[in-house]
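Asker: Each chain, written out:
Number of protein chains: 2
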Amino acid sequence: MPPLPVFRTKADLRQQVTAWRQDGQKIALVPTMGALHAGHLDLIRIAQSKADRVIASIFVNPTQFAPHEDLDRYPRQEAADRDALSTAGCDGLYAPTTHVMYPAGFDTSITPGRVAERLEGAFRPHFFGGVATVVTKLFLQALPDVAVFGEKDWQQLQVIKRMVIDLDLGVDIVAAPTRREVDGLALSSRNAYLSDAERAAAPVLKQVLDDLALKVRDEPAQLAMHMEAGIKRILSAGFRAVDYLEVCHAETLSPWQAGDPARILVAAWLGQTRLIDNCGLD
Amino acid sequence: MPPLPVFRTKADLRQQVTAWRQDGQKIALVPTMGALHAGHLDLIRIAQSKADRVIASIFVNPTQFAPHEDLDRYPRQEAADRDALSTAGCDGLYAPTTHVMYPAGFDTSITPGRVAERLEGAFRPHFFGGVATVVTKLFLQALPDVAVFGEKDWQQLQVIKRMVIDLDLGVDIVAAPTRREVDGLALSSRNAYLSDAERAAAPVLKQVLDDLALKVRDEPAQLAMHMEAGIKRILSAGFRAVDYLEVCHAETLSPWQAGDPARILVAAWLGQTRLIDNCGLD
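Which chain is which? The protein sequence lines are A and B, in order. 1 is the number of the first residue of the first sequence in my numbering; add one for each residue after it. 1 is the number of the first residue of the second sequence in my numbering; add one for each residue after it.
It should be emphasised that the hints constitute simulated quantities derived from the structure, not laboratory data. No residue lacks a Cβ here, since even glycine has one placed at the ideal position from N, Cα and C. Please note that a few of the clues may not be correct.
[Claimed, not checked] Within a straight-line C-alpha distance of at most 27 Å, the following computed BS3-like cross-link-like pairs (lysine-lysine) qualify:
id, chain 1, residue 1, chain 2, residue 2
1, B, LYS161, A, LYS10
2, B, LYS152, A, LYS26
3, A, LYS10, B, LYS206
4, A, LYS206, A, LYS152
5, A, LYS161, B, LYS50
6, B, LYS152, B, LYS206
7, A, LYS152, A, LYS50
8, A, LYS26, B, LYS10
9, B, LYS215, A, LYS50
10, A, LYS26, A, LYS50
11, A, LYS215, A, LYS232
12, B, LYS152, B, LYS232
13, B, LYS232, B, LYS215
14, B, LYS10, B, LYS50
15, A, LYS232, A, LYS206
16, B, LYS206, B, LYS161
17, B, LYS232, B, LYS161
18, B, LYS26, A, LYS10
19, B, LYS50, B, LYS26
[To be verified] Covered, in the sense of this in silico footprint (three residues per stretch, anywhere, with C-beta under 8 Å from a C-beta of chain A), are these stretches of chain B:
id, region
20, 96 to 110
21, 136 to 149
22, 221 to 228
[Claimed, not checked] The calculated label-pair distances, taken between Cβ atoms and stated as ranges, are:
id, chain 1, residue 1, chain 2, residue 2, range
23, A, PRO67, B, ASP260, 58 to 68 Å
24, B, PRO125, A, GLN272, 17 to 27 Å
25, B, ALA258, A, THR87, 45 to 55 Å
Isolated chain A (complex conformation) (with noise of 0.2 Å):
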């Protein structure tokens, strides 16, 4: 197994990539805040179904993280991440300093619009500003003909469409689905912060979302219903808060009406950590 390259600075990147791409080959990029699970090694076998050459970046980035958030302990373990990536073949991590990505008199940023306003828009003002602009400078940087992001951030992802739209940058993004542990519950760095008796909770998010799918469809008159019923249920099993609970149109993120693609879509507080799912109507 070659040892994995690393790239710590912009122009480092870019001879590779260039390299590459003056090769003729295809390049993906998956852009990640390192802590890899199962479910980012999805996204790197699904690159390389789609590219030549597929890099990984590591970068937990600031400008997400609002100042009462979980910027300072979100997991850190570059080592490791190195070694999965190194297993995975995947061709190079991009793992660049803070200084590199914002260096001093930084001063620009990207606001989407609609589609990051609410759920997770809502609780997280900053959130999608952030995640806007660094990917738009991480796919700036690299030069990806393809980027692969999960589904399991179903809002970020559709966010991140609509700005490669708009702003012409070019990159082909390919959706992911979430990959689950057996209970169900969807692989996440932040489940590292669970204890025993919450990791034991955490699997009926996914229970609520699935069987608010049959009655999204079966009954989407009592949607209300529904939804406050959902919602019990989340408290129940030991979660402390719902931040939301939406069934959503599932490109624009506005709320669903009835014939529109629909998402359903949950953010929830176990203890002090904060969970996410979605799931669509199949």
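Chain B: place on chain A using the hints.
Answerer: Same frame as chain A, but now just chain B:
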């Protein structure tokens, strides 16, 4: 003289640019709003000295005009512009429609930071956001190595330089000195709005700027007094109002402090026409 190729869609533009790039040619973009004058043709000449192929774009960008501004009456003369570009040896014109630039659902914006807050940013709050967004789109559509902008729009030039660094756009920004009439009036497409009497009054802007440049250098402690006298002189010459007359840090556009690189900027109304100009200290 070969006919000037005109591209109306991103795909047509990209096909030509890609072909040139595959031939190893370097590409320059000169973004304009049309109504071309000798100042624009200076930009084309400078672009020709920096690249093998020069594309001019003409797009009167609605998102940088406020509802009460002159979007509707802004001069449009594409046939004459095409002739001028052809004569200048320009290699192509990109003239997209509003629908090509902003298709249905468009909803992403780029927000410049502090460099865009004062001066024009204070009087035209949506202006630089509109400029930043459309220039990014033009860059990502045309993928130029170099782009040329006039110093006439000094703050715009600094906003674009900051944005290109911040978003890793990878375009070399070249500044072109302001082209002036013999009496000193800076060339502008908006000069076409001026009546004969207004045209006769207009050169006072440059006279005041030149005078202030000496004063800032020689008597910086008396700056406020000299600025006040400059505003009075502009109003006495027949201008209706002065939006601003300020000495600023030449790059950040923050208020000037002794030792900073300086730029003096002015915006003033002659009847219904708003003129801007600026100068350095040399």
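Asker: For each hint, tell me whether it holds in the structure or not.
Answerer: Results for each hint:
1. B:LYS161 - A:LYS10: Holds, at about 18 Å.
2. B:LYS152 - A:LYS26: Cα-Cα ~42 Å, so violated.
3. A:LYS10 - B:LYS206: 43 Å, violated
4. A:LYS206 - A:LYS152: 12 Å, holds
5. A:LYS161 - B:LYS50: 35 Å, violated
6. B:LYS152 - B:LYS206: 12 Å, holds
7. A:LYS152 - A:LYS50: 20 Å, holds
8. A:LYS26 - B:LYS10: Roughly 22 Å separates the two Cα atoms, so the pair holds.
9. B:LYS215 - A:LYS50: Given that 27 Å is the threshold and the Cα spacing comes to 63 Å, the pair is violated.
10. A:LYS26 - A:LYS50: Cα-Cα ~8 Å, so holds.
11. A:LYS215 - A:LYS232: 16 Å, holds
12. B:LYS152 - B:LYS232: Holds: B:LYS152 and B:LYS232 sit about 23 Å apart, inside 27 Å.
13. B:LYS232 - B:LYS215: 16 Å, holds
14. B:LYS10 - B:LYS50: The given pair, whose Cα atoms are some 23 Å apart, holds under the 27 Å limit.
15. A:LYS232 - A:LYS206: Within the cut-off at roughly 14 Å; holds.
16. B:LYS206 - B:LYS161: 25 Å, holds
17. B:LYS232 - B:LYS161: 33 Å, violated
18. B:LYS26 - A:LYS10: Measuring from Cα to Cα gives roughly 22 Å; hence the hint holds.
19. B:LYS50 - B:LYS26: 8 Å, holds
20. 96 to 110: Per the Cβ count (7), the hint holds.
21. 136 to 149: holds (count 4)
22. 221 to 228: Per the Cβ count (0), the hint is violated.
23. A:PRO67 - B:ASP260: 58 to 68 Å: About 32 Å separates the Cβ atoms of A:PRO67 and B:ASP260, which means 58 to 68 Å is violated.
24. B:PRO125 - A:GLN272: 17 to 27 Å: For B:PRO125 and A:GLN272 the Cβ distance comes to about 40 Å; the hint is violated.
25. B:ALA258 - A:THR87: 45 to 55 Å: For A:THR87 against B:ALA258, whose Cβ atoms are near 60 Å apart, the range 45 to 55 Å is violated.
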